[in-house]
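Since the structure of chain A is already known, use the hints to place chain B on it.
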Amino acid sequence: MSAPVLTEQTVPPVAPAAVRRSWYSYLRQPSAALSVLVLLVMVVMAVFAPLIADEPVGAGADVLQSPSGAHWFGTDDLGQDIFAQVVWGTRTSLVIGLAASVIAIVLGTAIGLASAYFRPIDAVATVITDVMLALPTLPLMIMLAAVVNPSVWTLTMIIGFFAWPEVARLIRSQGLVVSAMPYIDGARVLGATGWRIVTREILPAVVSLVIVSVLLTASRAVISEAGLSFLGLGDPDAWSWGRILLNAQRSGVIAIAWWQTLFPSLAILLLVLSATVAGMRFNDTRDPRRNGG
Amino acid sequence: MARFVLSRALKAVLTVWIAITSTFFLLRLLPGDPTSLMVEGDMTPEMQAALLKTYGLDRPLWEQYVSYLRELLQGNLGISFRQIQPVADIIVDRLPWTLLLAGSAFVITIAVGIPIGVSAAVHRGRWLDRTLQALGIGGHALFVPSVAMLLLVFLGARLGWFPIGGAIDPDTRGAAAYLSLAHHLVLPVLSLVLVQLGPYALTLRTNMIEVLGEDYIRAAQARGLSARRRVWKHGLRNAILPALTLMGLQLGTLVGGAVLTETVFAYPGVGRLIFEAVGQQDYPVLQGAFIMLAVTVVAANALTDMLYAVLNPRIRL
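Those sequence lines, one after another, are chains A and B.
Using the numbering used here, count along the first sequence one by one with no gaps and you end on 293.
Using the numbering used here, count along the second sequence one by one with no gaps and you end on 317.
For reference, chain A alone in the conformation it holds in the complex (with noise of 0.2 Å):
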């Protein structure tokens, strides 16, 4: 299934001290406190991964170890540690998944709010946005990295250049909203030119959205990874969770070694999951409906 459901509605700017408000009412929420110290715990591996874990490379003495006291998570058919793996694979993970949203959010962002203010553009952009969200995405990325030399960069490229119709179909709904309100008139008979008015009157009104689309999108990024690299079109000097699932079909011993295929699987979870928490509580948070303000 693709992104969940998001509410849509309009959100007037709101005083620092409300921003303080609703961020400690965000925290406080025990699902959205969790999820956001799961996803810091795992940027402090990614970034201190060679701290925790020296980089597998090379084949170790002890083959196809269970989970234990040395090996937390065993060890490959090769002899490398797992742990080492996944702790490695979480650069890759975060990378991607937050190089790729950015992309996709820029785009997005761009293309949804010019088609909520500038008729023209929006018929062009609609058409390209329902094929885009028509097509079946694995498919054509598999077409695309097989081309193309496949490392961190050009799976960044092309996640992110897939990623975007969804982002910009959310901000077009709401800034079509937004647009059609009596402010946004007034910025026009004040002679404010196109330009200003996306970006300083419309802008403003969606971004909470695009933050919350930053989160959606990122977790959507990392599953796409994550499949790609599974088929073999990861970054081959790059260690990746999908890498290692591909390595544990390959082996050939994955009925003994579950645990290669369950401890990158559960970091997968893990990672989405509190991604996706975390962006749909955000989401609550700042809908005035649910929060009684």
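Treat the hints with care, as some may be off.
Example chain B residues on the side facing chain A (calculated, C-beta under 10 Å, incomplete) [as the list claims (entries may be wrong)]: (1) 19; (2) 110; (3) 138; (4) 142; (5) 157; (6) 286; (7) 296; (8) 306.
None of these hints come from the bench; they were simulated from the model.
From the three backbone atoms N, C-alpha and C, an ideal C-beta is built for every residue, glycine too.
Here is chain B on its own, set in the frame of chain A:
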């Protein structure tokens, strides 16, 4: 009605055309020499030129595009680099398996998702509803190969309840063959259903809650119809159509999931073909597989929309 069907079909054709055209140009604009993708090792410049000429890659881009489209319309998807066989033949051999897998997952998700979504909507805030909300969000975080591989390891390899790969036991005949087919299908379909079900049922619940608040449901209540009749006959009838369209919109994701599931279970469909083609850098097969899957998804989506128009009495076309 005829006008709606025609315009919907036209939109589907337009979608496919845009997809084919943009990927054609995108692939040729990307860096990389096409001949280096075809043959390993060094080639003399003459060999390279001859190869380019064979595949028509020495002509201007627009000429290549026109002849590419003409060939496509005649069902020619090119020749596989590795198997020296028309790509269309290879894919047509594999497509039924993918349709069987994705189609079964599609039907089962709807069949199981509707009662769960409706019950959760009726008993709001009860345990089923709360579980569904958790599963609905959790479903977005499930990675298809993870689910598939864990099912394979535990239900397939360790407990031995289901086969761990393939689509059918080639030694079986008659009824036994169908049984074997179904037996091999269980784990791949289950992987897809587990990932799709939660989010699908959750969205259905939201639709249903909206429908149950409508005036005609209250009118039915005022007329003294039982709760069961109100929900399952009047409510569901109106919630089921959007539920169908909703699933139609998810077809692209479903096909992506099928590609990954087939890879895990060595299921002989288009997805497994894609995985093999990635390993062999068989790039016409990848392009052909994308086009065929795109046509399938867009056509199925258009059909769901047409079905919606036929079944929905409020749309008089």
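Each hint, compared with the structure:
{"no.": "1", "hint": "19", "result": "holds (5 Å)"}
{"no.": "2", "hint": "110", "result": "violated (13 Å)"}
{"no.": "3", "hint": "138", "result": "holds (6 Å)"}
{"no.": "4", "hint": "142", "result": "holds (7 Å)"}
{"no.": "5", "hint": "157", "result": "holds (3 Å)"}
{"no.": "6", "hint": "286", "result": "holds (5 Å)"}
{"no.": "7", "hint": "296", "result": "holds (8 Å)"}
{"no.": "8", "hint": "306", "result": "violated (15 Å)"}
Figure legend: structure checked against the earlier numbered hints; hints not met, in rising order: 2 and 8.
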